[in-house]
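Undergrad: Input sequences plus hints: build the corresponding full structure.
Protein sequence lines correspond, in order, to chains F and C. Just so you know, this note's numbering puts 71 at position 71 of the first sequence, and the rest follows in order with no gaps. Just so you know, this note's numbering puts 252 at position 252 of the second sequence, and the rest follows in order with no gaps.
Quick caveat, the hints were computed from the structure, so don't treat them as lab data. Note that the coordinates shown come from a computational prediction; the quantities given were computed from them, not determined experimentally. Using N, Cα and C, we set each Cβ at its ideal position, and we do this for glycine too. Nothing false has been slipped in among the hints.
Stretches of chain F that chain C covers, calculated by requiring three or more beta carbons in the stretch to come under 8 Å of a beta carbon on chain C:
no.	stretch
1	72-82
2	87-93
3	100-106
Here are the simulated lysine-lysine pairs, BS3-like style, with alpha carbons at most 25 Å apart:
no.	chain 1	residue 1	chain 2	residue 2
4	F	K82	C	K112
5	C	K112	C	K16
6	F	K81	C	K112
7	F	K81	C	K16
8	C	K16	C	K164
9	C	K176	C	K16
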Amino acid sequence: MGIMAVEAIKKTSATRLCDDAVSIGADGRAVLIGGMCRDCGNQTFPRAPVCCVCMSETIGEQPMPRIGTLYAFSTVHVAAKKWNKPMCIGYVDLPNGARVFTHLAGATLAIGDAVEPHIGIVGEDENGAIESFVFRKVGS
Amino acid sequence: MNGVSVIGVGMIPFGKYPDTNIADLGWPAVKAAIRDAGIEGKRIQAVYSGTARGGAMVGQRIMGRIGLSGLPIVNVENACSSSSSALAQGVIAVGSGVYDIVLVIGVEKLTKFGGGTLPLDEEDWEVRLGLSMPALYAMRAQRYMHDYAVKPRQLAAVSVKNRKNGALNPDAQMRKEVSLDEVLGSRMIADPFTLLQCCPTGDGAAAIILASDAVARQLRSDPIRVRASHLTSGKFIAGFRDMTTPEITVRGAAETFEEAGLGPEDIDVAEVHDAFSIAELLYYEAFGFCPRGEGANLLESGATSLGGRIPINPSGGLLAKGHPVGATGAAQVVEIVRQLRGEAGPRQVEGAKVGLTHATGGGISGFDHGACSIHIFQR
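TA: Take a look at the structure:
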């Protein structure tokens, strides 16, 4: 996706945990929004105010590729009270070089799976349900 | 740089001291180190005090208790490497000739957090999304098991070895041996880690007195020389990282060996950062004690057990001795100094002449670890 696609993305309120790092695309699907350095082209997730390669402060919003590869994951049983447990977390590598730490869902996950982001409830605190992006196996 | 030696060490047994404040955890370790060095406390010219979560001015609070104030005291925070980083500063200060004798402290009180996983900074992106230290190491373990066909029981064997060592160490928090079945049968924390594959929560303090080689020789016949003192930070990488290779430790180990003019084959005993079972296997490989992917086989061969070729974590390591995070690096040095002096009793590594300590940590996005400090000592 190019720069134009960003404008087609409608912001959603279902992103309390991760602010503007996820949006819902025109097709109704979740899209992660990272950053791209306008000076050197480095892409990261999440977007940072300064480029970790060239120190440029001109970082544009950049939709991330949807489908990534599950690098590693763990089902975690002991964590802060606010998280739904057990919670499955992992790292997903995107084809643009970004690595995403994420919650995961689905019963048959395996390292190397192709996965894609959705919006899901991952916990609850005094303000109500905590929503975030949650990766699932493609097609599940 | 002038040569630097350790002339005194001391620690309190690691454990749970919920009713003791951090100053009162710290001073007994300092007093023990001063006694061990056989010097008057007022000969200490500067203090480097490491704590990760102890709060402000911990060095002053400790030294005030024993009437040793009015001197330079530097408080160092570097997560699990806090007191090993403080040690590196002390070595630089003595090695540069600024001071003849300095004190290094490591102290932590984790019981104040009331249990659970180590609190991390929620300003960090991944921490905010739910990352914790057990989860981070668990992902390393999962990927390692996937890449090298390692089974859960092979991971659990690390805990069995280190709990066996800890049973021989009066300063260890966990002093009971455990079986492989007990490790695997304990409750699940973060798959594949069961409870007994995670370091316990606890409190503790350790202290080290450094002197220039010239002064050390005047004070005792058996000073332990610092052959290398190394500190580095992780490399920030926003993208792909091989989680089965701890880059910070691989690089730190190579630089430390180069500084010492030694290699892994020269190390007789080592204390490495086994915060979770997988970590010890990764560090066997990072230090070159075995090739990549061979960590579980090295453990199974008995090479890293007491009596083996390269005993690792004879103190019980973080898994058994405990891991009051800021105290860990200093406590590792206490163990290695005792080993090199032949004072380690039933867990003595026979004939140990060269020992290594390794403390690394700090869970923050984009880094494998925030800090890593490695030291090599020789008698």
